[in-house]
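Sequences listed follow chains Z and W, in order. In terms of this note's numbering, the first sequence has 228 at position 228, counting the first letter as 1, and numbering is strictly consecutive. In terms of this note's numbering, the second sequence has 149 at position 149, counting the first letter as 1, and numbering is strictly consecutive.
One or more of the hints may lead you astray.
[What the hints assert, rightly or not] One side only, chain Z facing chain W, incomplete, derived with CB under 7 Å:
| # | residue |
| --- | --- |
| 1 | Pro47 |
| 2 | Gln137 |
| 3 | Arg159 |
| 4 | Gly160 |
| 5 | Leu164 |
| 6 | Tyr350 |
[Said to hold, decoys possible] Every beta carbon over 12 Å from chain W, so not counted as near; a handful from chain Z, in silico:
| # | residue |
| --- | --- |
| 7 | Lys12 |
| 8 | Asn17 |
| 9 | Asp44 |
| 10 | Glu73 |
| 11 | Gln166 |
| 12 | Lys354 |
Bear in mind the hints are in silico, worked out from the structure with no lab data behind them. Backbone N, C-alpha and C fix where the C-beta goes; we use that ideal spot for every residue, glycine too.
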Amino acid sequence: MAESQSPEEMLKQQKANCIFCRIIAGEMESKVVFEDERMTALLDINPAVKGHAIVMTKEHYPIMPLIPPDEFEHLFGRAAALSGSLKSAMLTKRCTLFVANGGVAGQQSPHFLFHLIPRETNDGLDAFAVKGKGINQSSHFELIKQNLYAVMRQHLTKRGRLNLLQVGKVVAPDDPSPEAERRAADPAPAASQAPLVASVPGPASPPDRLPGAPPRTPSGAPPERHDGATGAAPAPLSYAQLAQVIEENPEIKALLINNPAKLKAIIAENPEFGAIFAGIDIDRLGATLRASSGTPANAGGEPPVPAVSPVSAGSPVSAHSSVRADHPPVSAPEPVKPAAQMTLQELFGYIDAKPRLRQYLLEDSEGLKRLIPENERLTAFFAGSNVNAIIQAYQEHAKERHGVRATVEPDIRGNRTGEDETDAAPPPGPTREESEEAYWEMRGRKQR
Amino acid sequence: MTDRLLYEDQVARVFLVEDAAADGHVVIQPQRDVRTLAELTEEQSAHLFLVASYTAAILFQGLQAEGTNIISNEEEERLTLHVLARRTDDGLDFSWQPRRLEPSEMADAQERIRDKAFIVGKGSAPKEEPVPGLAAKEELQDAEEKENYLIRQLIKVP
């Protein structure tokens, strides 16, 4: 249709004619059931059943792969709770979620949306059931496996969540043993080869083709991704490869050792650097290099350790003393188990038993963050973890133990939102029920 | 039926379906043993659909599909997202017969869902200020739900 039109022009025109964009702008009436700053859910005017809702971003994206990662996570993150609300409102046990990509699949709207349909037994909606037809697709196994691993690895690297790929026995990110290398590469041994599908449009990749438009040939210029990389980004480097890169580039090494903050700024501005250092803790790397090159810890831009930190008052101040005092001063200290390898319960138990670490976490998280790269044990402990997440989780945990629950926003099921759900074991301290009792008592209106 | 594992991470796992409904049929399940979407956290839900989206893109490009569907019916033992490659005349049809609902029924559905959904992601504040956590309690049992809903309706009567 639109040889002469650029994709941007097409999109603009599509937007202008989009009925949902007009609804969202308030130009047309609709039955909104949920709305926040980025998304909206309304009742389908041609419902399969009563309560059938359609859910969409407020911004116009014609197809699923065009939704930027943040928007995507928001939309489909909320889908979970929203489906719960829908079921609870319509008093059903099940809810069908239906996505159609492309006209052949039943996509009718140029504004990407998904359906939430409350379901009951014998509701006559068997059409949604996915019934096996005995089709053998074993020939697709390798293609899908290799490409899925490649795109997921690329995505998780860019989102700084590469640790999600560690399944089963957790591999420390800097474990240099061949065994660890092998395990890390295990899910797809061939992943380092170029993917069969050079560039797969996932969330955040631009339109390779719109529904109905002819597919672009692989020889076409790789589309530029929203997050700055182009096409199939280079696979993230192993620590060993990274070390080589650093050795070969004295400038980078100097920056790492003397001015990590500046290097971070450069990385933030430069996608190529971003790809090289994806998922790497610059501060930590710098600390390691400093240690190996014999440079004193505070030689560069790192802020010095506060002379009197809340927990080290009175003790002689050196880069290590304040925290190491937690541990017996033996020549061969027990190896540190990284927080990333602990369940949340173990983590909280570990921290509970370390008064100084605990105090740092609760009262001086900034100070703690400064100390981490300078202290081997802390570095090892926080390796592969999101320090901020641990700080936040532990602070919430501590609050909860004191029965102060009101500041923690309950999610739809009354659970605290957060990763602790991935651990079956409840954290030490009061149970959720006890916390809720305390909460209701506090509100002065006990239920049941 | 033994579906072959294509991919897994800490949140999701992906299988190639042995008894496939289409030439290009992959299922995505959470690592957590849950039956419904609502039992997942926001992060887990988002991640599951992200994997589904990438899978759909791979089916679309790698298997020369003309479209894709992602469907979850919450009818399996464990929550399952089906990702299906679609082609013209592939014999699949997920369309439904639209129902005619009276305006009063639509208004009723709207009000009921809005009543429950306002707390999603601490969404926009409701008009009649239910206490946070109240709705969560109501989800515990259906019977209780019905009762509370009726009571709430009564409270609204001036």
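Here's how the hints hold up against the structure:
Annotation: Pro47(Z) was flagged as interfacial toward chain W, and the flag holds, the nearest CB pair being 5 Å apart, inside 7 Å. Given hint, Gln137(Z) at the interface with chain W, holds; its Cβ is 5 Å from that chain's nearest Cβ, closer than 7 Å. Because the beta carbon of Arg159(Z) sits about 9 Å from the nearest beta carbon in chain W, more than 7 Å, this interface hint is broken. Because the beta carbon of Gly160(Z) sits about 14 Å from the nearest beta carbon in chain W, more than 7 Å, this interface hint is broken.
Restraint check, Leu164(Z) versus chain W: the minimum CB separation of about 5 Å is within 7 Å; hint holds. Hint status for Tyr350(Z): violated, given a least beta-carbon distance of 20 Å to chain W, over 7 Å. At roughly 24 Å, the least C-beta separation between Lys12(Z) and chain W is larger than 12 Å, which holds for a residue marked as non-interface. Every beta carbon of chain W lies more than 12 Å from that of Asn17(Z), the smallest distance being close to 21 Å; the non-interface claim holds.
Not every beta carbon of chain W lies more than 12 Å from that of Asp44(Z), the smallest distance being close to 8 Å; the non-interface claim is violated. The Cβ of Glu73(Z) sits about 4 Å from the closest Cβ of chain W, inside the 12 Å cut-off, so the non-interface label is violated. The claim that Gln166(Z) lies off the interface is violated: its Cβ sits roughly 7 Å from the closest Cβ of chain W, which falls inside the 12 Å cut-off. Its beta-carbon lying about 26 Å from the closest one in chain W, Lys354(Z) satisfies the requirement of being farther than 12 Å from that chain.
When each numbered hint is compared with the structure, violations occur for hints 3, 4, 6, 9, 10 and 11.
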